[in-house]
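K.L.:
Chains A and B, in that order, give the protein sequences.
Each number in our numbering comes from the position in the first sequence (counting from 1) with 1329 added on.
Each number in our numbering comes from the position in the second sequence (counting from 1) with 50 added on.
Source of the hints: derived by calculation from the structure; they are not laboratory data.
Some hints here could point you the wrong way.
To be verified - Here are the computed lysine-lysine pairs in the BS3-like style, where the Cα-Cα straight-line distance is at most 27 Å:
1. B:Lys112 - B:Lys210
2. A:Lys1458 - B:Lys205
3. B:Lys215 - A:Lys1335
4. B:Lys180 - B:Lys205
In this text the structure is predicted, and so the values were computed from the model without any measurement.
This is what each chain is made of:
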Amino acid sequence: MKWKTKDADVFLKSGEYVDSILIPLTPVSFSHEFKSSVTMSEYTELLTSEIERQLHGRLFLSPNFTYVKDESSLDLLTSFIEHVKNSGHFKHIFLMTSDVYWKEFEQQLSGQLFWVPALPLETMDEKYKLEVIKEQVKPLFQLIFNDWQRSINS
Amino acid sequence: MSKEDISRRQFLNYTLTGVGGFMAAGMLMPMVRFALDPILKEGTDQELVAVTSMEEIANEPKRFDFKIKQKDGWYESDVTQSAWVYKAKNGDIIALSPICKHLGCTVDWNTDPSHPNQFFCPCHLGRYTKDGTNVKGTAPLAPLDVYDSQVKDGKLYLGKAKPRKGA
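Using the sequences and the accompanying hints, generate a full structural model.
P.N.:
This is the structure in structure tokens:
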């Protein structure tokens, strides 16, 4: 499900089936990291939208958590996740980014972090691009399914 | 003789009504056309898209991804869609939409080890038989949608996915 009115209505009606949220973490910068943050954001968005497409009925794709990298970004993300958690809707919280910055805080974040380095997709042709994205998200599905499986068993 | 049959008054009446009528029609026609436009457009909302060549279609369902143009307000975008395509026993090509009728996840073929040769939805464990009929007792309440399909020059073209009546 996406952050859209149409999906919001479904969510209000069938919310009990939607127990997972995926939060894309996308950096913003207009100085020396400008181009790389654009690439990372774009790549993260491509992957998350593909995951959302396939798990539409159980996974909510959150709006991007967009941050300017500084000492407050971790606190901001923590309080965002806290809010999501306190809503009581989501048992499974997944975070997705191409920015290696978050890797070192992995343990402090309550949610499973997927860090996937960005690939230069702009040089690929459409068909090949689709293939690459399909391959890239495959293992991520496995991680999500494993997480779901664990909650059935526990 | 006959030239004098028409009076000056009549002549002016005819020409003025004629010209006025033309002008009115010129103004009204586009208005009517605009008003009716949405009705005239319906039915041609999605063109058939070439998805794959016929050689790639087997008896086992195979997933094909393709792109269509979607309009959302003024925003036009390319949207990826998938189809599960296979050849039925009688030679028909069946193209099923992979969108689960429960809440819209993408179903997979033959991925649930305890129920082989069925479509399986990983989100809420919904199942469908090979022809897309929903298995009773699982989450979905309707069979998978079927794409409008057409074979031309050895290629499979798919159109819109249409719902079917429930089992």
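K.L.:
Among all the numbered hints in the text so far, which are the ones the structure does not match?
P.N.:
none
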